[in-house]
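> Sequence:
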Amino acid sequence: MFYKRKTAKKVIVSGGLTDALYSVFPGVEQGLVGGMQVQVGADELVWFAVESALDMAAEGEYTLLPELIPQVAAALALPEEWEKRQLIPAACGFISTRTCDGLWCNDTQFLGRDPLDGLLRFSASGSYTYRICDNALFCASVRGGAVPALCSGIEAQLSACAAAAFADIITDRPLHLRSLDAQCVELAEELRLQLDEYAAQLGLAVPQMQLQLHLAESSKGMLDAAYPQQACFNAHVKEVFGAAAAAEE
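Note that the working numbering gives residue 155 to position 155 of the sequence shown, counting from 1, and the numbers run on in steps of one.
Any given hint could turn out to be false.
Beta-carbon label-pair distances, calculated as ranges [unchecked claim]: (1) L116 - G153: 42 to 50 Å; (2) T97 - Y198: 14 to 22 Å; (3) Q39 - Q208: 41 to 49 Å; (4) A136 - C105: 17 to 25 Å; (5) V11 - D168: 44 to 52 Å.
Think of the hints as simulated: they come from the structure by calculation, not from any bench.
Note that this is a predicted model, so its numbers are computed, not measured.
Even glycine gets a Cβ: it sits at the ideal position worked out from N, Cα and C.
Input sequences plus hints: build the corresponding full structure.
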């Protein structure tokens, strides 16, 4: 995009951030034009960038003036006539400030050992919430291609990271069938910290994480022995896998 020193009455809005944490102004070939009206809705910010500099504006209505972009203002202050100068490359767009939800799943059949009940076979899944915590870093990550613009692409990255992190965390970790509820909470927090560390590199934060274990059919006997009344079983252990779904040895 380019900033042009002329007036315009065009009104720019995000068009709704239904599936996007980030969206670019339409009509990029027209550039940023002085006098454009920008409308920023609730739960979103508008950003203006020239090279590495980035300015943000919150909810409200704005007129694109040179003061919004310091480099543009500096260029306009030069003695040369504007028409004789090269246009200044600039970019702009919207980002959402909402908290979004994502799902993750690791279908690998893991093998864990309960010191009392023996071997447990299970897979895992869960959910998490994420939001933008560093606007400038997130915009730079999107503009640099580190993350895709749409929520679905961001969630694909985060979910893959969560699944891989769970595989690392659960390795050689003893599981206690009779106290799996509390252990799942601890594992979920450990998993959240790892995912949050990864997300922070993209300008995102992961404030909440949930983890559920899915027992394989081969573990059902242990489940029946430890908890003859299903109502007493841990809330974080989901339905038992069918025999066809479990990778039995």
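> Does the Cβ pair Q39, Q208 satisfy 41 to 49 Å?
32 Å, violated
> Please test the hint of 42 to 50 Å on the beta carbon pair from L116 and G153.
44 Å, holds
> Range first: 14 to 22 Å. Now tell me if the beta carbons of T97 and Y198 are that far apart.
Holds - the Cβ-Cβ distance for T97 and Y198, about 21 Å, lies within 14 to 22 Å.
> Range first: 44 to 52 Å. Now tell me if the beta carbons of V11 and D168 are that far apart.
Since V11 and D168 have Cβ atoms about 50 Å apart, the given range 44 to 52 Å holds.
> Taking the Cβ atom of A136 and the Cβ atom of C105, is their distance within the range 17 to 25 Å?
32 Å, violated
Consistency note: the structure conflicts with the earlier hints numbered 3 and 4.
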